[in-house]
Amino acid sequence: DGGITQSPKYLFRKEGQNVTLSCEQNLNHDAMYWYRQDPGQGLRLIYYSQIVNDFQKGDIAEGYSVSREKKESFPLTVTSAQKNPTAFYLCASSILSGADEQFFGPGTRLTVL
Amino acid sequence: DAKTTQPTSMDCAEGRAANLPCNHSTISGNEYVYWYRQIHSQGPQYIIHGLKNNETNEMASLIITEDRKSSTLILPHATLRDTAVYYCIVRAPGSARQLTFGSGTQLTVLP
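Residue numbers (this note's numbering), protein chains in the order written: chain A, 1 to 113; chain B, 1 to 111.
Bear in mind the hints are in silico, worked out from the structure with no lab data behind them. From the three backbone atoms N, C-alpha and C, an ideal C-beta is built for every residue, glycine too. Be aware that a few hints might be false.
Stated by the list, open to error - The following label-pair restraints were derived from C-beta to C-beta distances:
#1 B:63 <-> A:26: 52 to 60 Å
#2 A:15 <-> B:111: 39 to 47 Å
#3 B:53 <-> A:3: 27 to 35 Å
#4 A:38 <-> B:11: 40 to 48 Å
#5 A:28 <-> B:102: 27 to 35 Å
#6 B:102 <-> A:109: 38 to 46 Å
#7 A:113 <-> B:65: 47 to 55 Å
#8 A:8 <-> B:66: 33 to 41 Å
To be verified - Below, a sample of chain A positions facing chain B; criterion: calculated Cβ distance under 10 Å:
#9 6
#10 40
#11 45
#12 102
#13 109
Work out the full structure, taking the sequences as your base and the hints as a guide.
What follows is the structure, given as structure tokens:
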């Protein structure tokens, strides 16, 4: 079945450690996105990528980094520079034509202790 | 992207139709109406989208008024698994851009 996978579902890290969240899609979508969601809030865009080896900052990119070496993969690294990293992280993908609806993964809940 | 207004919460009896309204009075001619839902602690799920014609798929129907200033998402036979926050989003397609999720409508399907 085609879809988006994120791993792990739950992640715990100590303060000051970098952590990388995985996102893989087999939908052959060109665009991929990372969002952050805090309790009771909407989604905020961290980074997005329209093509391999290219990505753009979203509204809250500070303290995060990404790479897009393969079309299927868009990992997100939460660095120690991110002041408040505890949140629910969502990856999405879409085509770049038509109504380009976004399809989301199940999310990773990161808790920094 | 045009702003949307939705009720904060709604209840619906299981097996009945759930009608979720959305106002988008400032919508532009090239902007689509999208609906997503998010079940607690899961990723948002795409439901349906439309430009100006009514649309139907296996999940729901979307009714857009003739002036396009409002729309209604219809879940024809709501089940307990349809309990979720439903988001109405208006945006123009064609490039990789973020979805702006407002506060949405918390739909609770009651047994």
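Each hint, compared with the structure:
1. Our hint of 52 to 60 Å for residue 63 (chain B) and residue 26 (chain A) is violated, since their Cβ atoms are close to 34 Å apart.
2. Distance hint check: the CB atoms of residue 15 (chain A) and residue 111 (chain B) are about 44 Å apart, consistent with the given range 39 to 47 Å.
3. The supplied range of 27 to 35 Å is met by residue 53 (chain B) and residue 3 (chain A), whose beta-carbon atoms lie about 29 Å from each other.
4. Checked against the hint of 40 to 48 Å, the pair residue 38 (chain A) and residue 11 (chain B) fails, with Cβ atoms roughly 26 Å apart.
5. For the hinted restraint 27 to 35 Å between residue 28 (chain A) and residue 102 (chain B), the CB-CB distance of approximately 30 Å keeps it satisfied.
6. A C-beta distance of roughly 22 Å is found between residue 102 (chain B) and residue 109 (chain A), which places it outside the suggested range of 38 to 46 Å.
7. In this structure, residue 113 (chain A) and residue 65 (chain B) meet the distance hint of 47 to 55 Å, their C-beta atoms being roughly 50 Å apart.
8. For the pair residue 8 (chain A) and residue 66 (chain B), the beta carbons lie near 48 Å from each other, so the given range of 33 to 41 Å is not met.
9. A distance limit of 10 Å between C-beta atoms decides the matter here; for residue 6 (chain A) the minimum to chain B is near 8 Å, and the interface restraint holds.
10. Evaluation of the residue 40 (chain A) hint against chain B yields a held restraint, the C-beta minimum of about 9 Å falling below 10 Å.
11. For residue 45 (chain A), the interface hint holds, the least distance from its beta-carbon to any beta-carbon of chain B being 4 Å, beneath 10 Å.
12. Interface restraint check: residue 102 (chain A) against chain B, minimum CB-CB distance 6 Å, threshold 10 Å, status holds.
13. At a threshold of 10 Å, the smallest CB-CB gap from residue 109 (chain A) to chain B is about 8 Å, leaving the interface hint in force.
The structure is inconsistent with the numbered hints 1, 4, 6, 8, although it conforms to all the rest.
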